[in-house]
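Number of protein chains: 2
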Amino acid sequence: MGKKKDAKKFKKNKDAKKSDLSSLREELRVGEGFDLAAVDTRSTPGFSGDKQLAAQLMTDTADELDDLQERLYANGRDGVGPSVLLIVQGMDTAGKGGIMRHVIGSVDPQGVELTAFKAPTKEELAHPFLWRIRRALPQPGYIGVFDRSQYEDVLIVRVHDLVPPSTWTRRYGQINAFEAGVVERGTAVIKVMLHISADEQKSRLQERLDRPDKHWKYNPGDVDERGYWDAYQESYQAALDRTSTADAPWYVVPADRKWYARLAVHQLLLDHLRDLDLQWPAATFDVDAEKARLAES
Amino acid sequence: MGKKKDAKKFKKNKDAKKSDLSSLREELRVGEGFDLAAVDTRSTPGFSGDKQLAAQLMTDTADELDDLQERLYANGRDGVGPSVLLIVQGMDTAGKGGIMRHVIGSVDPQGVELTAFKAPTKEELAHPFLWRIRRALPQPGYIGVFDRSQYEDVLIVRVHDLVPPSTWTRRYGQINAFEAGVVERGTAVIKVMLHISADEQKSRLQERLDRPDKHWKYNPGDVDERGYWDAYQESYQAALDRTSTADAPWYVVPADRKWYARLAVHQLLLDHLRDLDLQWPAATFDVDAEKARLAES
Numbered sequence: 001m002g003k004k005k006d007a008k009k010f011k012k013n014k015d016a017k018k019s020d021l022s023s024l025r026e027e028l029r030v031g032e033g034f035d036l037a038a039v040d041t042r043s044t045p046g047f048s049g050d051k052q053l054a055a056q057l058m059t060d061t062a063d064e065l066d067d068l069q070e071r072l073y074a075n076g077r078d079g080v081g082p083s084v085l086l087i088v089q090g091m092d093t094a095g096k097g098g099i100m101r102h103v104i105g106s107v108d109p110q111g112v113e114l115t116a117f118k119a120p121t122k123e124e125l126a127h128p129f130l131w132r133i134r135r136a137l138p139q140p141g142y143i144g145v146f147d148r149s150q151y152e153d154v155l156i157v158r159v160h161d162l163v164p165p166s167t168w169t170r171r172y173g174q175i176n177a178f179e180a181g182v183v184e185r186g187t188a189v190i191k192v193m194l195h196i197s198a199d200e201q202k203s204r205l206q207e208r209l210d211r212p213d214k215h216w217k218y219n220p221g222d223v224d225e226r227g228y229w230d231a232y233q234e235s236y237q238a239a240l241d242r243t244s245t246a247d248a249p250w251y252v253v254p255a256d257r258k259w260y261a262r263l264a265v266h267q268l269l270l271d272h273l274r275d276l277d278l279q280w281p282a283a284t285f286d287v288d289a290e291k292a293r294l295a296e297s
Numbered sequence: 001m002g003k004k005k006d007a008k009k010f011k012k013n014k015d016a017k018k019s020d021l022s023s024l025r026e027e028l029r030v031g032e033g034f035d036l037a038a039v040d041t042r043s044t045p046g047f048s049g050d051k052q053l054a055a056q057l058m059t060d061t062a063d064e065l066d067d068l069q070e071r072l073y074a075n076g077r078d079g080v081g082p083s084v085l086l087i088v089q090g091m092d093t094a095g096k097g098g099i100m101r102h103v104i105g106s107v108d109p110q111g112v113e114l115t116a117f118k119a120p121t122k123e124e125l126a127h128p129f130l131w132r133i134r135r136a137l138p139q140p141g142y143i144g145v146f147d148r149s150q151y152e153d154v155l156i157v158r159v160h161d162l163v164p165p166s167t168w169t170r171r172y173g174q175i176n177a178f179e180a181g182v183v184e185r186g187t188a189v190i191k192v193m194l195h196i197s198a199d200e201q202k203s204r205l206q207e208r209l210d211r212p213d214k215h216w217k218y219n220p221g222d223v224d225e226r227g228y229w230d231a232y233q234e235s236y237q238a239a240l241d242r243t244s245t246a247d248a249p250w251y252v253v254p255a256d257r258k259w260y261a262r263l264a265v266h267q268l269l270l271d272h273l274r275d276l277d278l279q280w281p282a283a284t285f286d287v288d289a290e291k292a293r294l295a296e297s
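Chains G and V are the protein sequences, given in the same order.
All the letters of the first sequence, read from the start, carry residue numbers 1 to 297 under our numbering.
All the letters of the second sequence, read from the start, carry residue numbers 1 to 297 under our numbering.
Please keep in mind that the hints were generated in silico from the structure rather than gathered at the bench.
Careful, some of the hints might be misleading.
When chains are identical, the list treats them as one kind, so a pair holds in a single copy or across two.
In silico SDA-like cross-links for lysine to any residue, where the CA-CA straight-line distance does not exceed 25 Å [as the list claims (entries may be wrong)]:
1. Lys217 to Pro82
2. Lys122 to Trp168
3. Lys217 to Glu113
4. Lys118 to Gly144
On a predicted model such as this, the values are computed, not experimentally measured, just so you know.
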């Protein structure tokens, strides 16, 4: 009997351990001496379970995420209060769209402000690079989501010499100062790099070519860009080194396994919302008096 | 044996009949001689099943909705192509937020442009009433969703004499001309009124007062507005009479049962997307040549 119980307990402990995501955030956080090239893009830091358990854990916390998002929204009703900004970067096919669809898609759309930054327009180019970013910051109560961001201005811009080195060199500090102000004004900033390998990208592009329903997602320029893979990695490493601050750290999420990347971003969002420790706003009216008025209406 | 088979067949036919939503759209459509006061707000036009079956049917067509939305998005990639505009109106507590959360929330957020129209700002008031509406129209490939809309300018505005009668009287025609242009430019317009009874509204407001986690949703002004219930119904009737056109008809959805309202809007969206009969865009590049280039990259 004792043995059976022990076995059960062991199994339970093992499952509990597999379901424990409490170290994920710290494991993904970019700190001093971080080396992008050393990250195994197929690894699953902070999680020892499989795809099925990952999906289960996301389902298990869906209601909590929902509740926390609604509290955030409720607290922003008067135009003051905290907000959250999730920035998602990554090479082509890294899975940014999947994060938007499956992680952000699980949140009430009324509380989300999603911005996909494309190549800057003429109007945007006529302004400082942070101008369009500033306009897209989330209002109090909202979860802002950036699909690409100000970081393109030190990534693609650096790789392709779109501005002189003296300009992009200055931008790291400008980004840090900008983000410090954003955090100061009450926005929790979560910066995520979805990190895939060059081989994984190749197979994802291959799939887009193999499936006629994916042709529209394929752009011949994507193959050209593969020629700059190392320069991109170098630019990412520089951005991570220079802009992973205490207030607005980077999280590098290994993303060859899509299910892990989704779990990780879901968990990062959940962790940051939990940190806000939001209560429901107190009534700004006399509840009993309103009940009486309503009864008579 | 024959009897048992017949019974099974009967059950199957009955279930199939219950699952048949093909008449829903026509039954909800506002045509000649429509009488809002005659609508039973607890009825479920075009659907004879229950809450559970309604949820099942929404789940059954979730993948199709997803697929159709992605085709719409794919077709808009070059800045041309059709779009969809869903306008949702209704009295306070009619369930607009629930539609946004549960119906629109099931669609990929990357393909949705949601706008909640509040009381107009000073800037908006300085422009013609359609100015802010025009700016929020969906781009090609997108599903635009309006939580309230241009119709507030012939509803609350009319009820509270916010502009002279000669002004709001003119607006019905202006809205029709505007919407005709929107449809002409390739946008399918779906106008939904969520229709609840005054008693149902009372019980929903009561719930907001009873639950501290709902207090933030309660506004004492909502009780004052109940004093204008009949004037609102009259204004809705006038709007339905004058703006349910062949190109942009109104659908009045009985909404005392939230599950039915959600099924109905889901189905209306699905029906209109099906009508577009969208194919995946053909490749604009030489697929085989790209496969060769990719292989070498």
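Quiz item: Looking back at the numbered hints, which does the structure fail to meet, lowest number first?
Solution: Violated hints: none; all satisfied.
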